[in-house]
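Engineer: Go by the hints and put chain B onto chain A.
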Amino acid sequence: MHIQPIVELKNLTKIYGKGCNLCVENTGPEHETNICVNCNSLVACGNVSFELYPGETLGIVGESGSGKSSLLKLLNFDIEPTLGEFYINHEKINTFVGNEKVNLFNLNSFQKRLIKNHIIGIVYQYPYLGLRMKISAGGNIAENLIMAEWRNIEKIRKKISELFEKTELPIDRMDEQPEKFSGGMQQRVQIAKALSNNPIILLLDEITNGLDVSVQARILDLIRNLHWQHNLSIIIVSHDLSVIRVLTQRTIVMKYGRIVEVGLTDQILEDPQHPYTQLLVNSQL
Amino acid sequence: MIDVIGLSKIFNIRINGAKVINGCENINFSVKEGEFLSILGPSGIGKSTILKCLYRTYLPTKGEIYYESSIFGKVNIARVPDRKMIVLRNREIGYVSQFLRVIPRISAIDVVLEPLLLKNQISYKEARKRAEELLFQLRIPEYLFDAYPSTFSGGEQQRINIARAIIWKPRLLLLDEPTASLDKESVEIVLSKFLKLKEEGSTLIGVFHQEEIAKSISDKIYIMK
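Line by line, the protein sequences are chains A and B.
Okay, so the first sequence: first residue is 1 according to the numbering used here, each after it adds one.
Okay, so the second sequence: first residue is 1001 according to the numbering used here, each after it adds one.
Some hints here could point you the wrong way.
What the hints assert, rightly or not - Each computed BS3-like pair below joins lysine-lysine, with the alpha-carbon atoms no more than 30 Å apart:
| # | chain 1 | residue 1 | chain 2 | residue 2 |
| --- | --- | --- | --- | --- |
| 1 | A | LYS159 | A | LYS116 |
| 2 | B | LYS1032 | B | LYS1019 |
| 3 | B | LYS1119 | A | LYS166 |
| 4 | B | LYS1225 | B | LYS1215 |
| 5 | B | LYS1119 | B | LYS1198 |
| 6 | A | LYS10 | B | LYS1084 |
| 7 | B | LYS1032 | B | LYS1193 |
| 8 | B | LYS1084 | A | LYS101 |
| 9 | A | LYS92 | A | LYS18 |
| 10 | B | LYS1198 | B | LYS1084 |
| 11 | A | LYS10 | A | LYS92 |
| 12 | A | LYS92 | B | LYS1184 |
| 13 | B | LYS1220 | B | LYS1062 |
| 14 | B | LYS1074 | B | LYS1129 |
| 15 | A | LYS166 | B | LYS1125 |
| 16 | B | LYS1129 | A | LYS166 |
| 17 | A | LYS112 | A | LYS92 |
| 18 | B | LYS1125 | A | LYS158 |
| 19 | A | LYS92 | B | LYS1084 |
| 20 | B | LYS1215 | B | LYS1032 |
| 21 | B | LYS1184 | B | LYS1220 |
| 22 | B | LYS1125 | B | LYS1169 |
| 23 | B | LYS1215 | B | LYS1169 |
| 24 | B | LYS1119 | B | LYS1084 |
| 25 | A | LYS134 | A | LYS159 |
| 26 | B | LYS1074 | B | LYS1032 |
| 27 | B | LYS1125 | A | LYS159 |
Claimed, not checked - Okay, the calculated bits of chain B under chain A, using three or more residues with CB under 8 Å as the criterion:
| # | region |
| --- | --- |
| 28 | 1005-1015 |
| 29 | 1049-1061 |
| 30 | 1096-1109 |
Claimed, not checked - One-sided and incomplete, this derived list gives chain B residues near chain A with beta-carbon spacing under 8 Å:
| # | residue |
| --- | --- |
| 31 | ASP1082 |
| 32 | ARG1083 |
| 33 | MET1085 |
| 34 | ILE1086 |
Hints are computed from structural coordinates only; laboratory data are not their basis.
Glycine is no exception: its CB is placed at the ideal position from the N, C-alpha and C atoms.
Chain A with its partners taken away, still in its complex shape (with noise of 0.2 Å):
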């Protein structure tokens, strides 16, 4: 039984500043600092290589400034890598770039826009990240529609009443702006926003974040039913180590830009192994 990862990410690295041949090595957990002592640029990510498999929910963990969020941007092109690989090994994609296995950072902005929209979802921190704040929370989901080629506002309507359904939200304030609605509400409109053209990939970036517990529950609750539903691979972000022993099977611990460690889930939790790892699991409340 050989089963093929849906995503492979291979040595990706990204380096903010002008950047040298020396960056890479001279940072990194060992060198406690993710700037470059050469040129004085910033590694973000350094030589960061993982897989995803179909189903799955990955956690990423580590401390702010980790490099936990610039992961999740490059996956998502929002930003562009210094250097690296990233393969999605889906039919779907094979519509939209060709059936040869490509580096997907390679592809023109027009390629990286359609996977965007039809294969990866994403959720980020701030919903003033995701969301804009002055059109309706129908016209947010709407915007992703229409992108991915819908164009009869019936059905349009019809599909986003289905996905505040979905993500628990009063259909009665689709028309209402997002700044209007308190903070777990502008997260499950990101949520509906991300599922609207059913993704394959979810990435989810500390969505919990400044929300009470009884909302964080629920939207915990959300993503785990909508795991099951959709059979979504997800990679979450979260330095709450708690989100991520719910919701996850394997665990990559990140510091510095650098992978320290990656492991089962319960065997980060309870028997990690880089003292980095050990000081973040001993730090729990």
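Structural biologist: Using the frame of chain A, we list chain B on its own:
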């Protein structure tokens, strides 16, 4: 079915002043398919450590754990890739912890039926029916089925935990003091469930405190000193 050879687990604590803690050392045993093995011994001797190594919650420091899988053939759990271990956990190997770790906002019945959905392609309705039957047998009152286990008593939570572990009839079931928080009547029901599982062909490895429980259900007993 299982050959444990020279298994050692040493915890290397690297923070707060480096410490080395011995979990277990040079453990050797074999279990045949369909057998019930119990491990007895005082607290802190490393009984749970062995079980957690078998489930790969702990990474063994030394030694091999050969397991005859029906999907992959012979695998060494001590070194198996994470991805394969996830498949083994979903399809072959179950684990009962001492306590239920509740997931917020998931009803008792859903906690129990979830592994069934993971392993088999059956409908939610069918899975729910089987979960209800099992909870009846474990004497969980019906009004609790759709409640959240976080509000349950310790004994009720543990029976939910056990139900979740046995409903999908794993080929290998690891039991970490499963009966510690149960009253006498519940213990008997639960033990009869384990024995039924064994009759149906499962292999069980259990860690127990009470010798009489271990004696009443095991084919083999290992005592740790």
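Engineer: Next, verify each hint and record whether it holds.
Structural biologist: So, going through the hints one by one against the coordinates:
1. A/LYS159 to A/LYS116: Distance of about 19 Å is within 30 Å: holds.
2. B/LYS1032 to B/LYS1019: violated, 37 Å
3. B/LYS1119 to A/LYS166: Distance ~25 Å between B/LYS1119 and A/LYS166 Cα, so the pair holds.
4. B/LYS1225 to B/LYS1215: Given pair B/LYS1225, B/LYS1215 holds - Cα atoms ~18 Å apart, limit 30 Å.
5. B/LYS1119 to B/LYS1198: Holds, because 19 Å separates the two Cα atoms, which is no more than 30 Å.
6. A/LYS10 to B/LYS1084: Holds, at about 21 Å.
7. B/LYS1032 to B/LYS1193: holds, 20 Å
8. B/LYS1084 to A/LYS101: holds, 25 Å
9. A/LYS92 to A/LYS18: Distance ~37 Å between A/LYS92 and A/LYS18 Cα, so the pair is violated.
10. B/LYS1198 to B/LYS1084: Measuring from Cα to Cα gives roughly 25 Å; hence the hint holds.
11. A/LYS10 to A/LYS92: Answer holds: A/LYS10 to A/LYS92 is near 21 Å, not above 30 Å.
12. A/LYS92 to B/LYS1184: Given that 30 Å is the threshold and the Cα spacing comes to 56 Å, the pair is violated.
13. B/LYS1220 to B/LYS1062: Holds: B/LYS1220 and B/LYS1062 sit about 25 Å apart, inside 30 Å.
14. B/LYS1074 to B/LYS1129: violated, 35 Å
15. A/LYS166 to B/LYS1125: holds, 20 Å
16. B/LYS1129 to A/LYS166: Roughly 25 Å separates the two Cα atoms, so the pair holds.
17. A/LYS112 to A/LYS92: holds, 14 Å
18. B/LYS1125 to A/LYS158: holds, 28 Å
19. A/LYS92 to B/LYS1084: This hinted pair holds, its Cα atoms lying about 26 Å apart.
20. B/LYS1215 to B/LYS1032: holds, 18 Å
21. B/LYS1184 to B/LYS1220: holds, 23 Å
22. B/LYS1125 to B/LYS1169: holds, 18 Å
23. B/LYS1215 to B/LYS1169: At roughly 23 Å apart (the allowed maximum being 30 Å), B/LYS1169 and B/LYS1215 satisfy the hint.
24. B/LYS1119 to B/LYS1084: holds, 14 Å
25. A/LYS134 to A/LYS159: OK: A/LYS134 and A/LYS159 at ~21 Å, within 30 Å.
26. B/LYS1074 to B/LYS1032: Distance ~14 Å between B/LYS1074 and B/LYS1032 Cα, so the pair holds.
27. B/LYS1125 to A/LYS159: Since the Cα atoms of B/LYS1125 and A/LYS159 sit roughly 27 Å apart, the hinted pair holds (cutoff 30 Å).
28. 1005-1015: Satisfied; 5 residues make the cut.
29. 1049-1061: holds (count 5)
30. 1096-1109: holds (count 5)
31. ASP1082: holds, 5 Å
32. ARG1083: holds, 6 Å
33. MET1085: holds, 6 Å
34. ILE1086: holds, 5 Å
This entry does not satisfy hints 2, 9, 12, 14, going by the numbered hints stated previously.
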